[in-house]
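Asker: Using the hints, position chain B against chain R.
Next come the chains, spelled out residue by residue.
Number of protein chains: 2
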Amino acid sequence: MIIKNGKVLLFKNDDVVIEEKDVLIQEGKITKIEDQIKADGEEIIDATDKIVMPGLINTHTHIAMCLFRGTFEGCDLFTWLHKKIWPIEDKLTKEQIYDASIFSMIEMIATGTTCFNDQYFMPEETRKAAEKMGMRAVLTRPLMDTDGSDLNVRIQEFRDFYESRDENNDLITYSVAPHGLYTCSGNCLKKARDLAVEYNLPIHVHFLESIDEINSIKELHGEEASKVLKKYFDGIHTILAHGVKLNDQDIEVLKTMDCGIAHNPVSNLRLGCKIADVTKYKKAGITVALGTDGAGSGNNLDMFESLRTACLMQGGIYEDADRITSRDVIKMATIEGAKLLGLEDRIGSLEEGKDADIILVDISSKLDHISMLPNHDIISNLVYNTSGRDVDTTIVKGKILMKNRKFEQVDVNEAIKKVNQINII
Amino acid sequence: MIIKNGKVLLFKNDDVVIEEKDVLIQEGKITKIEDQIKADGEEIIDATDKIVMPGLINTHTHIAMCLFRGTFEGCDLFTWLHKKIWPIEDKLTKEQIYDASIFSMIEMIATGTTCFNDQYFMPEETRKAAEKMGMRAVLTRPLMDTDGSDLNVRIQEFRDFYESRDENNDLITYSVAPHGLYTCSGNCLKKARDLAVEYNLPIHVHFLESIDEINSIKELHGEEASKVLKKYFDGIHTILAHGVKLNDQDIEVLKTMDCGIAHNPVSNLRLGCKIADVTKYKKAGITVALGTDGAGSGNNLDMFESLRTACLMQGGIYEDADRITSRDVIKMATIEGAKLLGLEDRIGSLEEGKDADIILVDISSKLDHISMLPNHDIISNLVYNTSGRDVDTTIVKGKILMKNRKFEQVDVNEAIKKVNQINII
Numbered sequence: 000m001i002i003k004n005g006k007v008l009l010f011k012n013d014d015v016v017i018e019e020k021d022v023l024i025q026e027g028k029i030t031k032i033e034d035q036i037k038a039d040g041e042e043i044i045d046a047t048d049k050i051v052m053p054g055l056i057n058t059h060t061h062i063a064m065c066l067f068r069g070t071f072e073g074c075d076l077f078t079w080l081h082k083k084i085w086p087i088e089d090k091l092t093k094e095q096i097y098d099a100s101i102f103s104m105i106e107m108i109a110t111g112t113t114c115f116n117d118q119y120f121m122p123e124e125t126r127k128a129a130e131k132m133g134m135r136a137v138l139t140r141p142l143m144d145t146d147g148s149d150l151n152v153r154i155q156e157f158r159d160f161y162e163s164r165d166e167n168n169d170l171i172t173y174s175v176a177p178h179g180l181y182t183c184s185g186n187c188l189k190k191a192r193d194l195a196v197e198y199n200l201p202i203h204v205h206f207l208e209s210i211d212e213i214n215s216i217k218e219l220h221g222e223e224a225s226k227v228l229k230k231y232f233d234g235i236h237t238i239l240a241h242g243v244k245l246n247d248q249d250i251e252v253l254k255t256m257d258c259g260i261a262h263n264p265v266s267n268l269r270l271g272c273k274i275a276d277v278t279k280y281k282k283a284g285i286t287v288a289l290g291t292d293g294a295g296s297g298n299n300l301d302m303f304e305s306l307r308t309a310c311l312m313q314g315g316i317y318e319d320a321d322r323i324t325s326r327d328v329i330k331m332a333t334i335e336g337a338k339l340l341g342l343e344d345r346i347g348s349l350e351e352g353k354d355a356d357i358i359l360v361d362i363s364s365k366l367d368h369i370s371m372l373p374n375h376d377i378i379s380n381l382v383y384n385t386s387g388r389d390v391d392t393t394i395v396k397g398k399i400l401m402k403n404r405k406f407e408q409v410d411v412n413e414a415i416k417k418v419n420q421i422n423i424i
Numbered sequence: 000m001i002i003k004n005g006k007v008l009l010f011k012n013d014d015v016v017i018e019e020k021d022v023l024i025q026e027g028k029i030t031k032i033e034d035q036i037k038a039d040g041e042e043i044i045d046a047t048d049k050i051v052m053p054g055l056i057n058t059h060t061h062i063a064m065c066l067f068r069g070t071f072e073g074c075d076l077f078t079w080l081h082k083k084i085w086p087i088e089d090k091l092t093k094e095q096i097y098d099a100s101i102f103s104m105i106e107m108i109a110t111g112t113t114c115f116n117d118q119y120f121m122p123e124e125t126r127k128a129a130e131k132m133g134m135r136a137v138l139t140r141p142l143m144d145t146d147g148s149d150l151n152v153r154i155q156e157f158r159d160f161y162e163s164r165d166e167n168n169d170l171i172t173y174s175v176a177p178h179g180l181y182t183c184s185g186n187c188l189k190k191a192r193d194l195a196v197e198y199n200l201p202i203h204v205h206f207l208e209s210i211d212e213i214n215s216i217k218e219l220h221g222e223e224a225s226k227v228l229k230k231y232f233d234g235i236h237t238i239l240a241h242g243v244k245l246n247d248q249d250i251e252v253l254k255t256m257d258c259g260i261a262h263n264p265v266s267n268l269r270l271g272c273k274i275a276d277v278t279k280y281k282k283a284g285i286t287v288a289l290g291t292d293g294a295g296s297g298n299n300l301d302m303f304e305s306l307r308t309a310c311l312m313q314g315g316i317y318e319d320a321d322r323i324t325s326r327d328v329i330k331m332a333t334i335e336g337a338k339l340l341g342l343e344d345r346i347g348s349l350e351e352g353k354d355a356d357i358i359l360v361d362i363s364s365k366l367d368h369i370s371m372l373p374n375h376d377i378i379s380n381l382v383y384n385t386s387g388r389d390v391d392t393t394i395v396k397g398k399i400l401m402k403n404r405k406f407e408q409v410d411v412n413e414a415i416k417k418v419n420q421i422n423i424i
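Quick mapping for you: the protein sequence lines, in order, are chains R and B.
Mapping the first sequence onto numbering that gives the first Met the number 0, position 322 (from 1) lands on 321, and the numbers just tick up by one.
Mapping the second sequence onto numbering that gives the first Met the number 0, position 281 (from 1) lands on 280, and the numbers just tick up by one.
Excised from the complex, chain R in its bound form (with noise of 0.2 Å):
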């Protein structure tokens, strides 16, 4: 497969640059990226008046949650989980999860979305999706106690998932997901630790979302949760959802720490958790990824809003020009994204050698486009005046999984006919 006439999205000695170039797709691998490639016998992509750049990655999201959309509004995190939601998530069924994530899956390729991870229960049917879907997944069977669930039922169930996986898909990878240090014990903390060491796979846990969770964390363990983070997953990758309420201290422990923040800028408003100051943490080193979270609380899974909110928001927190900017928020959407889940080797960019995990965004002057004209400034746009609507072909690993916005593996209105009908409200 050939993509020819395009603007490709590349990083450039730490910057953001559009070149026009093509590019070589060969097994599922990008193999070349120049001008003008000649074809061979290879199907084309046209891709004229198209951004070419790497698909989006969402670090953060409960995908079946779609099903909570609109729900709820004006809540605080806690009354949110403990009053609204888990009781209703304790009556979901095995369908309702599974039609929950095909559709999920739809609205993210639709978006640009080609990987996201994800934590939630009856993780089965999301892996039985993913793999209809063609889509590039971290998933997890979650883990806690606090709750007066059995910690051994729990574990049984993640190893169950875990090793009935096809090892011949790695677009599947998996993570340990203790749900949060408020809502584990330490014997959970440390039950998921020697998962995570005994599986070899990276921790994936809720951290300091809201600002109830510092005392509670404190009230749990006896700790600062910094403290309790470090104690219990020092050495192991871990990948850190919210990370909102971080101080000073916290920061220097993060450091010390193989981790980074999976930043959900559209949640943490919608919940009122205020702002995480995201560009403090990149000047101290810290790697920080975007996230949509569940479309219960972030709204929907469309990871172009999560760019635009992020980057604006850092305004709502900082008067100077010292502040992340669009070409920050690219770079968090991809690269760091990849970084995150540990998957820098394969996805995030676009270079020789790795996955061709791609998609092409329409920017054609039409009247759709009218509040991205004139395009003085690509990348400026990219961020600020596109949606995931303008996603025009999404491709994961050499795959066409959405081509002109259309799908082959799946009867989208189908998916959202049945989805439609759910009402757990």
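Everything labelled a hint here was simulated from the structure, so no lab data went into it.
Since the structure is predicted, the reported quantities are computational estimates derived from the model, not experimental observations.
Accuracy of the hints is not assured; some may be wrong.
Identical chains share a label here; the pair holds if one copy fits it or two copies do between them.
Result set (SDA-like, lysine to any residue): computed pairs, CA atoms no more than 20 Å apart in a straight line [to be verified]:
| no. | residue 1 | residue 2 |
| --- | --- | --- |
| 1 | 131 | 422 |
| 2 | 417 | 364 |
| 3 | 83 | 320 |
| 4 | 365 | 404 |
| 5 | 82 | 320 |
| 6 | 365 | 403 |
| 7 | 338 | 351 |
| 8 | 93 | 184 |
| 9 | 127 | 352 |
| 10 | 281 | 318 |
| 11 | 365 | 419 |
| 12 | 83 | 321 |
| 13 | 416 | 368 |
Answerer: For chain B alone, kept in the frame of chain R given last:
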């Protein structure tokens, strides 16, 4: 004209409700909102799967600034104005202002705005464009004198502009616009007041947008901003653009005046002005409406982005649920906007007797709308998951300006081409 089968957005008992009604329009006015209105030869607009709602009101913008879109990211307000924008603006031509105005009106109509409050030079060009496009607008020739320009010349330009108005066109109304308290001497503010009294027009002024303004105003006038405001504009209806930096004393002063705030969430974030506490302003009883500001700082003129961002960003300063909601921002973009512009008797809500400024927003179940499905809460989705692109039809005073995303009064492609060719950066 009858709009049939739609979901009509109404304000009832202080709440926002959606009801299935028909809307009858006669001679530019809404004359009936009822179940199943029988047609008697009227044109039928089918609004199946569409929200029928008041046109959005953009209460602060500089529409010709689409020419600056995407440029100069990461500046603070003063650097941005003095070093970047003003030197370029000095070179703009009449033709460029006209073409940019037509272009921006296409963007506004295509994203659901039916009325805008503008402040820019060569307003004759913008007026000519508004007449061609059929838009409702509040226009002015702004006044400023600390930049060395001759105030008498500016005032004469304002008089010439105002006095050359077409009295038969009530879609165009006027304001007197001293640019800001930091750019206008006391003499300039006094003359502005005199003009507002003479012509019975509202004042439109930039007010406490950025932190630097606080001291600039004190240095220039020897008093705090809100005292200066009260001194010159007490008793005159005043539209305050921004009002980000109001302290509690300022709020008390504003409460004694006939004024309200045009809140521009995206522009404030992009220019690093931090977050206006509009939750507090509203609680104090101050009218708060919405705007985009110019596209140079506000990125685009899509009011749906302003709705979403305004609602979300309060979660950047509030950690409890007691902050503005989707319902509030819908009012801010419609009826509160009408109040702020002094037009609430004519527009801002769908009510019998008001002018028919109406938009139809497509919420049908399809791939491009997957981020709003399943649609458990139409109001919430209208704010969080709707884009200006979902606007299907735009009507001003009973006249269709766009139908099924098609324009008759202008060649859209030609208008886009013209502006794409202007390069002033």
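Asker: Each hint: holds or not?
Answerer: Results for each hint:
| no. | hint | result |
| --- | --- | --- |
| 1 | 131 / 422 | neither (24 Å within a copy, 48 Å between copies) |
| 2 | 417 / 364 | between (36 Å within a copy, 11 Å between copies) |
| 3 | 83 / 320 | between (40 Å within a copy, 14 Å between copies) |
| 4 | 365 / 404 | both (17 Å within a copy, 12 Å between copies) |
| 5 | 82 / 320 | between (41 Å within a copy, 14 Å between copies) |
| 6 | 365 / 403 | both (16 Å within a copy, 15 Å between copies) |
| 7 | 338 / 351 | within (17 Å within a copy, 58 Å between copies) |
| 8 | 93 / 184 | neither (28 Å within a copy, 69 Å between copies) |
| 9 | 127 / 352 | neither (28 Å within a copy, 57 Å between copies) |
| 10 | 281 / 318 | within (18 Å within a copy, 24 Å between copies) |
| 11 | 365 / 419 | between (31 Å within a copy, 11 Å between copies) |
| 12 | 83 / 321 | between (39 Å within a copy, 17 Å between copies) |
| 13 | 416 / 368 | between (29 Å within a copy, 13 Å between copies) |
In this structure, the hints that do not hold are numbers 1, 8, 9, in rising order.
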